[in-house]
Amino acid sequence: MNDLAAGDAIATTETRDRRWVGFRTIVIREFSRIIRIWGQTIVPPAITATLYFIIFGSLIGRRIGDMGGFDYMQYIAPGLIMMSVITNSYGNVVSSFFGAKFGRHIEELLVSPLPNWLIVLGYVAGGVLRGLLVGLVVTLIALFFTRLHVEHPVVVVAAVLLTSLVFSLMGFVNAVFAKNFDQITFVPTFILTPLTYLGGVFYSITMLPDWAQHLSKANPVLYMVNAFRFGFLGHSDVNVGLSFTIMVLGLVALFGGCVWLMERGTGTRE
Amino acid sequence: MKALSLRQLTKTYSNGVQALKGIDLDVEQGDFFALLGPNGAGKTTAIGIVSSLVTKSSGRAAVFGHDIDSDLEAAKACLGLVPQEINFNQFEKVSTILVNQAGFYGIPRRVARERMEVWLHKLQLWDKRDAVSRSLSGGMKRRLMIARALIHEPRLLILDEPTAGVDIEVRRSMWDFLRQLNEAGTTIILTTHYLEEAESLCRNIAIIDEGRIIEHDRMATVLRKLHTEIFVLNLRQPLARLPEMPGYALALTDDGSLEAEVNKDQNLNDLFASLSSRGIEVVSMRNKSNRLEELFMRLVEGRDAATGQPKPAVTA
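For the protein sequence lines, the chains are S and X, in the order given. The numbering used here puts the first residue of the first sequence at 2, with every later residue one more than the last. The numbering used here puts the first residue of the second sequence at 15, with every later residue one more than the last.
If we strip away everything but chain X, and leave its shape as in the complex, we get (with noise of 0.2 Å):
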């Protein structure tokens, strides 16, 4: 079953913005699925529209097979959104938050209490449940509108850069609560600038510009189509100049470390090889950029902005 599906999905904002082109997504039930595009994309754009926070301007969307436009109701009692900006009552505690937004999907005073109890030790918030929300940490805050989005346990969750702003150790711990969410069995699309997260967590990708889909696989699929990596190679002597190694497509650093790119024809045995022949000693070796990140930026720089189809190659 479609957790969510979107058909021709558009939206031209009022001053002449067309923020969706006529997107077409689907996302299955159970499945951790990312949803990245630069700034302006339409990302939030399309998860406004399924949250009903946006009108759109034509299309379809459907949330575990309830239509937005013929059954609304049913469809947004089965999701769940972790908005961008924090959207809480800043004066209200946190406490009164959740068992507020549990009486707007239905559920009485008695059984909201018990589940807010459950989600603020899920989320590490209980000490804080008297508290002002105004009064909490920034990844507090991210941590109570996770809690306020999950209070009526919706089949599907949308995290709308939900790690934007937030230390590596809350980050971290985030991802492990959202692993355990899916794995419990709640449909989560996120949308983050943070690709490692996005890698790390999803098994299935759409990359969204310019109001358009281009791209939407599998990440391991949308991976493999990298053809090459490059590596940052930690040298036990700085070099002074660049060693002549053909094959290789290599760049000295200003530290006097060595850039190599490797693509999938060749393998990393060689390469050392190449070095240890040349008296070149490597300490340790690093990933230069996330690959998915490359990818993306690969794929953004590579789309004609008007067409949605991708740049003719450069020719001489």
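Just chain S, same shape as in the assembly (with noise of 0.2 Å):
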């Protein structure tokens, strides 16, 4: 290797261990902010999944009967435990991120030597982390209400993980444009939250009529609800297959939409 290869090698290195820290810091900071407001982080949810659990399965659950051959209550556990993951992924992008835009504090990135792809991998990552903490969390407390058998492990892992990583990029997304905090609360409110409970979590699209199912095959969340609860309880109502190429289509088409966002500047930079 001559010097000036030998040179080349070092500055890549050097490249790599600088972003590499640098992703870890973005990652440490997200992480700390999703702990030092664990009243708003981790407690709500929780509160939130412990009563969908008494009121939806002890409840009701107990008169609904079985659903897709299942207990009602272990059927919507690993729905809960995804509606869980996917809000807490977005709004914790969405907030972290907007929260940076309007306190100007994105500004310490912006001048900062990190590539643009690698701050839209540190914000998902912190959405990861809080989508998992708060997945676990539900997944505690369901383990009150009822047994849960884990079919098909790896299944289970990539579903959670590629939805998460999804919905990261899709908060990612609105804190881009947001301009107010009215922007940041309208998606959650008027689009996510309407998909996630019409995307299967609690029942199952075949009691639905035909036309009612079809139009629920449009609906992505569907499929992340439907690939999460295969990994559990062996069920799904669509193709796991076919759920698993739109969660990676999604994560491939998001997170090349955020990188070019960041490059244009668009919402971040004049």
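Heads up, none of these hints are tricks.
DEER-style ranges, computed between Cβ atoms:
#1 SER72(X) to THR207(S): 58 to 64 Å
#2 ARG25(S) to LYS16(X): 33 to 39 Å
#3 TRP212(S) to ARG74(X): 58 to 64 Å
#4 TRP21(S) to HIS207(X): 37 to 43 Å
#5 PHE182(S) to HIS207(X): 31 to 37 Å
#6 ARG21(X) to PHE182(S): 40 to 46 Å
#7 HIS207(X) to GLU15(S): 37 to 43 Å
#8 SER84(X) to ALA213(S): 51 to 57 Å
#9 VAL132(X) to PHE182(S): 34 to 40 Å
#10 ASP269(X) to PHE182(S): 51 to 57 Å
#11 VAL253(S) to ARG74(X): 32 to 38 Å
#12 GLU15(S) to ARG143(X): 25 to 31 Å
#13 ASP81(X) to ARG17(S): 21 to 27 Å
#14 THR69(X) to LEU52(S): 44 to 50 Å
Output of the computed footprint for chain S on chain X, the stretches with three or more beta carbons under 8 Å from beta carbons of chain S:
#15 61-74
#16 88-99
Think of the hints as simulated: they come from the structure by calculation, not from any bench. It should be emphasised that the depicted structure is a prediction, and the values quoted were computed from it without experimental measurement. Backbone N, C-alpha and C fix where the C-beta goes; we use that ideal spot for every residue, glycine too.
Each of the two chains sits in its own frame; use the hints to bring them together as a complex.
Below, the structure is given as structure tokens:
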């Protein structure tokens, strides 16, 4: 290896190390934020999940009986875990990134030598961390109410990770375009919540009339919830392969979109 | 070597405002450079482009030879920015802000903590290291932003009105700090509304107005362009009317002091001799206004906004 090539190799290693430290710093900052405001990040989803399990699982669920061949509590548990993962992954990135824009401390990152794709990754990692943390808490709560048998552990992990990544990226897009706090609550309230509730968390779409089943299949959340449920119960209303294809394609498209928005400076640079 | 080089830099905002109309600017390594201009002249836009907070419309910018189009990461690594507005997370602790900022520049946490201690001591913020940043006073917040900009030890430090709104004591201590920093080798670009600050600290100066550089030279050379100075003379006995003194432009103030405009061909000894011969006793004397401020106003007011050229003299 000549001197020039050796120099290039050192520079590449230095760049990689520098970027790794930068990425880790964003993740540490995001995780510290999640823990610092635990009363807003961890407790509310835990209370909501507990209420869902009590009302829909214990009280109403007993009257519903089986769903897809399973006890209703067992049936909704994966959906409720996934719902908390979706809302918290999305919510973490949208509030953290928009907060950074609003408070202008996003400029700390923009002036630094970190490339845009790494800034996106850092925030997304924060969203995934919160999604998984809350998902774990909800899983522990679910264990108080029902027995969770895991049929396909790899599918469970892959589905929750991909879903968390996809919704973290969606939260990032929302935060990039948002100009005020109303706009960061609009999407979760009017789009995300309806899609999640109609995404087969509480019911099997086979209960619906044909037209509603077809309409439900246009809802991406349906595929994520069912892939996750398949991991636990071995049962899904949709093709699991198709679910993973949709998640991976969504992930690639959203990540590319987020990096493109950052490169253009949309919502961040004038 | 040039610490900063701008070539034909333009910026037109989406609302159509043309903030920069093709500016050329060079700042040499080791310089203490003043970038002056009225509000909306384009200073912050130019700084924003160099630091990646604003996207340029056209032109080139390079920091220590690293072009921001082709070598952005290296250019950013050389640069520290103290912006005009407070832009740190007001809910984070002082120490956390610095350690995180170092991390964004790839500095491992152990080294970052050591540097944090050094800079907080230098900027007299060590006692506040565990304080939540929003609890700091205005002056402390400014110093925190300076410490944050220096945590990665940049070769070029850009300060956008760093002393705005801070009291005189803090401002003076910041001046001393910046002088020491410059003497230690850091190139500094300063924008300020306190022209006395620029005159006191900077060796070279550029004045920007309406998106154009209208003056770019050594501070001493620029100041020499002033042909007159106005002195305010406090008198033992206030005057009721203006004395007749051919050759001098005099004016009376409300409190009976005398304002004398002295041009380059005149000297103060002659002025005082003339005053003494008329029985007028001068107790003390001061400049009416900052010299740079006067020149600045003349330059800015004397340009044609459309062409950027000096306005033609009005003749009868």
